[in-house]
Amino acid sequence: MTMARAAAPRRFFLGHSYSLVGVVAALVILAWTLVAILAPYVIPHSIGDIVDDDYFGPMRQGLWLGSDYLGRDMLSRVLMGARYTVGISLAAVSIACFSGVVLGMIAAVTGGWLDTCLSRFLDAMNSIPSKLFGLVVVAAVGSSIPVLILTLAVIYIPGAFRFARALAVNINTMDFITVARVRGESTAYLIGSEILPNIIRPVLADFGLRFVFIVLLLSGLSFLGLGLQPPLADWGALVRENIGGLPFAAPAVIVPSLAIASLTISVNLLIDNLPQKIRDRDA
Amino acid sequence: MSNLVEVRNLRIEAKTDSGRLVEIIKGVSLDIADGEIVALIGESGSGKTTVALSLMGYARPGCRITSGEINVGGRNMAALSEKERARLRGTDIAYVPQSAAASFNPSSTIMEQVIEVTRIHKLMPPEQARQRAVELFRALSLPDPEGIGTRYPHQVSGGQLQRLSAAMALISDPKLVIFDEPTTALDVTTQIDVLKAFKSVMRAGGVAGVYVSHDLAVVAQIADRIVVLKGGEVQETGTTATILSAAQHPYTRELLAAFEPKPRQAHADADAATKQLLRIDNVTAGYGAVRADGLPLIRAVDSVSLVVEKGRNLGVIGESGCGKSTLARVIAGIHPAAAGDIVFDGKQLQRAARKRSQDQLREMQIVFQYADTALNPAKPVEDIISRPLAFYHRLDRQARSKRVDELLDMVRLPRGLRYRHPSELSGGQKQRVNFARALAANPKLIICDEITSALDTVVASAVIELLKELQRELGLSYIFISHDLSVVEAICDEIMVMYNGERVEQITPDKLTAPTHPYSKLLFSSVPKLDPTWLDGLVRDPELVSQYGHR
Chain A
146 MTMARAAAPR
156 RFFLGHSYSL
166 VGVVAALVIL
176 AWTLVAILAP
186 YVIPHSIGDI
196 VDDDYFGPMR
206 QGLWLGSDYL
216 GRDMLSRVLM
226 GARYTVGISL
236 AAVSIACFSG
246 VVLGMIAAVT
256 GGWLDTCLSR
266 FLDAMNSIPS
276 KLFGLVVVAA
286 VGSSIPVLIL
296 TLAVIYIPGA
306 FRFARALAVN
316 INTMDFITVA
326 RVRGESTAYL
336 IGSEILPNII
346 RPVLADFGLR
356 FVFIVLLLSG
366 LSFLGLGLQP
376 PLADWGALVR
386 ENIGGLPFAA
396 PAVIVPSLAI
406 ASLTISVNLL
416 IDNLPQKIRD
426 RDA
Chain B
10 MSNLVEVRNL
20 RIEAKTDSGR
30 LVEIIKGVSL
40 DIADGEIVAL
50 IGESGSGKTT
60 VALSLMGYAR
70 PGCRITSGEI
80 NVGGRNMAAL
90 SEKERARLRG
100 TDIAYVPQSA
110 AASFNPSSTI
120 MEQVIEVTRI
130 HKLMPPEQAR
140 QRAVELFRAL
150 SLPDPEGIGT
160 RYPHQVSGGQ
170 LQRLSAAMAL
180 ISDPKLVIFD
190 EPTTALDVTT
200 QIDVLKAFKS
210 VMRAGGVAGV
220 YVSHDLAVVA
230 QIADRIVVLK
240 GGEVQETGTT
250 ATILSAAQHP
260 YTRELLAAFE
270 PKPRQAHADA
280 DAATKQLLRI
290 DNVTAGYGAV
300 RADGLPLIRA
310 VDSVSLVVEK
320 GRNLGVIGES
330 GCGKSTLARV
340 IAGIHPAAAG
350 DIVFDGKQLQ
360 RAARKRSQDQ
370 LREMQIVFQY
380 ADTALNPAKP
390 VEDIISRPLA
400 FYHRLDRQAR
410 SKRVDELLDM
420 VRLPRGLRYR
430 HPSELSGGQK
440 QRVNFARALA
450 ANPKLIICDE
460 ITSALDTVVA
470 SAVIELLKEL
480 QRELGLSYIF
490 ISHDLSVVEA
500 ICDEIMVMYN
510 GERVEQITPD
520 KLTAPTHPYS
530 KLLFSSVPKL
540 DPTWLDGLVR
550 DPELVSQYGH
560 R
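Protein chains in written order, with the working numbering: chain A, 146 to 428; chain B, 10 to 560.
Hints are not guaranteed to be accurate.
Said to hold, decoys possible - Label pairs and their in silico Cβ distance ranges:
1. 361/B to 338/A: 19 to 27 Å
2. 433/B to 278/A: 28 to 36 Å
3. 419/A to 251/B: 52 to 60 Å
4. 278/A to 135/B: 56 to 64 Å
5. 342/A to 160/B: 40 to 48 Å
6. 290/A to 451/B: 54 to 62 Å
7. 547/B to 318/A: 49 to 57 Å
8. 130/B to 338/A: 47 to 55 Å
9. 342/A to 131/B: 47 to 55 Å
Claimed, not checked - If you only want the chain B side, here are some residues facing chain A, beta carbon under 7 Å, derived:
10. 204
11. 296
12. 299
13. 357
14. 359
15. 361
16. 362
17. 369
18. 383
19. 387
20. 404
What the hints assert, rightly or not - Quick list of in silico lysine to aspartate or glutamate cross-link-like pairs, DMTMM-like style, CA-CA up to 25 Å:
21. 411/B to 372/B
22. 453/B to 417/A
23. 319/B to 433/B
24. 411/B to 459/B
25. 453/B to 433/B
26. 422/A to 290/B
27. 453/B to 330/A
28. 422/A to 381/B
29. 422/A to 26/B
30. 364/B to 350/B
31. 453/B to 290/B
32. 364/B to 260/A
33. 184/B to 263/B
34. 422/A to 22/B
35. 24/B to 45/B
36. 422/A to 32/B
37. 422/A to 189/B
Simulated from the structure, these hints should not be mistaken for lab results. We put the CB at the ideal spot given by N, CA and C, even for glycine.
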């Protein structure tokens, strides 16, 4: 990691240094985000329309990414898929990280029985296999976008809690926390103003990592048929629908796979190459 | 080549995170003859450790030796390949680090680690190496020289570990040993034993040494010559006697001046105002399970009583582990006492801080030893100092900003510093910010827990001067906790000596009461003096040492 960081070319701008890899990764993520927002206005065909006579059609003019197993336009389906994959994952990861980090910091600062209860409860949650939990919940209450978001969030709260608690426990032993306590500060001030600024960078890195896990889990659930229901489809569902096209090297199965890969790898590279503040003021 | 070490025009560069190159060593030249001990002395950041490490051809990550010669035993360390340097390190040149406790591997025995060098360089068979190690243990006057090698690092004391790391360095009969502040982390009573052991071993073996330190009194005992560094340049070189008696350079004089006894400030109202500010009676506190009588298993503070009068200072002194820091935490309510009363400004205080009222908390502030951990690294100085203003005094943004300026002036820091983060300040500046935060609360009593221990002599004496001035202006009282007697003597009206959790005696320097308790005597006699013959002439009662010294 250190080696890679030293080797990567870095640029300097506005008091921060950037690595090229990080910039490229950020551009890829930005592009997918724009696609997710603008998809309904740019898709050439409705995602449910059968526009091709052939199934698993090749790339050609008008159908830039070929057609899927029913002859629907693949380009439209991938663009709309971005909306579901990015949107659902982002909502889920935000809920998971926010609740996990807040609970983790409270547990670390308060300590005692509250810490013990929270930790044991979330450890117990952690012991449930995530896919199985997803399967049970979706089977019980049916699949809809809010249910998916909440399920994915609940699955990833214990991890975020553990991570934040471990970081906060380290900060909590520092003298400046003792000083604040003796000053008579409230728990809310301690976690928000003294602890959070010191753990925000690893927490953001964890946010990115957890986002990737959720994208993959969502794709996995959709692949099993428990995610979004047809004709809506996220990228995982697109791969599953078109898996029959694999022997024909159909773009319909390759393109959504590439989309998943490009988004997850970019997020990973970005969090490893976040801009670093330059502390050398004289430069 | 007549000298063992000849450094000529050494330049070392460091690269900052913006890729800018900074020269940190600017053309240093120095010589060390065979068997001579040369001290490198200077404030932190003066490059003394960097120069010492460069004698092994080593530059810390991010640093690079750019030009100059480092001849050690006729070989230019700067020009050798890494493989050739590795062959010399540990055999010809050895290194004794500052913190022996952090340098030993906790999971293998001491003997294995001491003779590891002989195994790596295939110097001698293990049996012979063990015998040699036992000889060294004896020469370094370690207890039980035959048996100590089978112990693990956590089973011996800090002073013993430091001597063991010297044994590790000396086992391969090096020509040059580099000591990097080896006694800075030790108590005065322990420091003496370690210094004596180092001195006798080095003299017996005729080994040349480099001794890096910022403590002039320690250096005076062990070094033949002194090189004073500042800002990566040699300021002054001379024999120990010359530097001590006829220093030329202003910085060296400043160092010496820090040792001169300060004129004590006269208390005009010393006898008139005898109003008690803080009184604690028979306070007991400790750690571990609470027993049937309501007291903890291990008592760090045992039935201690003390009184602090308004506008006067109390010093608490003792070695590490004597309970003086626990006492500070008990008074501040961070570690609630198990028994005893704390009366502050005429009112009984709750034992735990969270049960005390906001005003009670405000009037008693505590300043910690390590400003690095006592200041939130994520916040600028401005936010750190203005928080107590907002919290206790409910000042609005404008009033806060004005008050922050005043406080920075008070602790003699430039106002522009308010936008910086703690990591961009020097050690002394951080300690001043730490102190300004305590002042911001408008306290009546400030508990200073070893606040000068992590600072250089010169910076520490400047901080002490500042504390005195502020006391005159604001009528504060201090409880000053330290293991450094000279610091406590400089500022305190009363000195309480603690040993093993108990109050041993109380001394009033003003009235020149000499210490009477044997432990106080040992402690007072162990403080190094600038006189180079002090260590050799020091005779300590062996009974006292065996009773109270941690050998």
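Against the structure, the hints:
A beta carbon spacing of about 23 Å between residue 361/B and residue 338/A agrees with the range 19 to 27 Å that was offered as a hint. Between residue 433/B and residue 278/A the CB atoms are about 47 Å apart, so this pair departs from the stated range of 28 to 36 Å. The given range of 52 to 60 Å is respected by residue 419/A and residue 251/B, whose C-beta atoms sit roughly 55 Å from each other. A C-beta distance of roughly 58 Å is found between residue 278/A and residue 135/B, which places it inside the suggested range of 56 to 64 Å.
In this structure, residue 342/A and residue 160/B meet the distance hint of 40 to 48 Å, their C-beta atoms being roughly 44 Å apart. Taking 54 to 62 Å as the suggested C-beta distance range, the pair residue 290/A and residue 451/B conforms, at roughly 56 Å. Taking the beta carbon of each, residue 547/B and residue 318/A are about 40 Å apart, not inside 49 to 57 Å as hinted. Distance hint check: the CB atoms of residue 130/B and residue 338/A are about 54 Å apart, consistent with the given range 47 to 55 Å.
In this structure the hint that residue 342/A and residue 131/B lie 47 to 55 Å apart at CB holds, the actual value being about 53 Å. Look at residue 204/B: its Cβ only gets to about 31 Å from chain A, farther than 7 Å, so that hint breaks. Taking 7 Å as the C-beta contact cut-off toward chain A, the hint placing residue 296/B at the interface is violated, the least distance being around 15 Å. Taken as an interface hint, residue 299/B does not check out: its beta carbon lies about 16 Å from the nearest beta carbon of chain A, beyond 7 Å.
Because the smallest distance between the Cβ of residue 357/B and any Cβ of chain A comes to about 18 Å, over 7 Å, the interface hint for this residue is violated. Given hint, residue 359/B at the interface with chain A, is violated; its Cβ is 12 Å from that chain's nearest Cβ, farther than 7 Å. For the restraint placing residue 361/B at the interface with chain A, the shortest Cβ-Cβ distance is roughly 11 Å, beyond the 7 Å limit, so the hint is violated. A distance limit of 7 Å between C-beta atoms decides the matter here; for residue 362/B the minimum to chain A is near 5 Å, and the interface restraint holds.
Evaluation of the residue 369/B hint against chain A yields a violated restraint, the C-beta minimum of about 9 Å exceeding 7 Å. At about 4 Å, the closest approach between the beta carbon of residue 383/B and any beta carbon in chain A falls short of 7 Å, and the interface hint on this residue holds. Because the beta carbon of residue 387/B sits about 3 Å from the nearest beta carbon in chain A, less than 7 Å, this interface hint is met. For residue 404/B, the interface hint is violated, since its Cβ never comes within 7 Å of a Cβ in chain A; the closest pair sits about 15 Å apart.
With a C-alpha separation of about 21 Å, the suggested pairing of residue 411/B with residue 372/B holds against the 25 Å cut-off. As the CA atoms of residue 453/B and residue 417/A are separated by approximately 49 Å, the hinted pair breaks the 25 Å bound. At roughly 36 Å between alpha-carbon atoms, residue 319/B and residue 433/B are farther apart than 25 Å, so this suggested pair is violated. Among the hinted pairs, residue 411/B with residue 459/B is inconsistent with the structure: their alpha-carbon atoms are about 30 Å apart, more than 25 Å.
Restraint check: the Cα-Cα separation between residue 453/B and residue 433/B comes to about 30 Å, which exceeds 25 Å; the hinted pair is violated. Annotation: proposed proximity of residue 422/A to residue 290/B is violated, straight-line Cα distance about 52 Å (limit 25 Å). Among the hinted pairs, residue 453/B with residue 330/A is consistent with the structure: their alpha-carbon atoms are about 20 Å apart, no more than 25 Å. Between the alpha carbons of residue 422/A and residue 381/B the distance comes to roughly 20 Å, so the proposed pair stays at or under 25 Å and holds.
In summary, the hint linking residue 422/A to residue 26/B is supported, as the alpha carbons are separated by about 9 Å, within the 25 Å threshold. At roughly 15 Å between alpha-carbon atoms, residue 364/B and residue 350/B fall within 25 Å of each other, so this suggested pair holds. Using a Cα cut-off of 25 Å, the hinted pair residue 453/B and residue 290/B holds, with the two alpha carbons roughly 20 Å apart. For a cut-off of 25 Å, the pair hint linking residue 364/B to residue 260/A stands: about 21 Å separates their Cα positions.
Distance check on the hinted pair: residue 184/B and residue 263/B sit about 33 Å apart at the alpha-carbon level, beyond 25 Å; violated. Note on residue 422/A and residue 22/B: the hinted pairing holds, with a Cα-Cα distance of about 22 Å set against a maximum of 25 Å. Pair hint residue 24/B plus residue 45/B does not hold up; C-alpha atoms about 34 Å apart against a cutoff of 25 Å. This hinted pair checks out: residue 422/A and residue 32/B have alpha carbons roughly 22 Å apart, not beyond 25 Å.
For a cut-off of 25 Å, the pair hint linking residue 422/A to residue 189/B is broken: about 32 Å separates their Cα positions.
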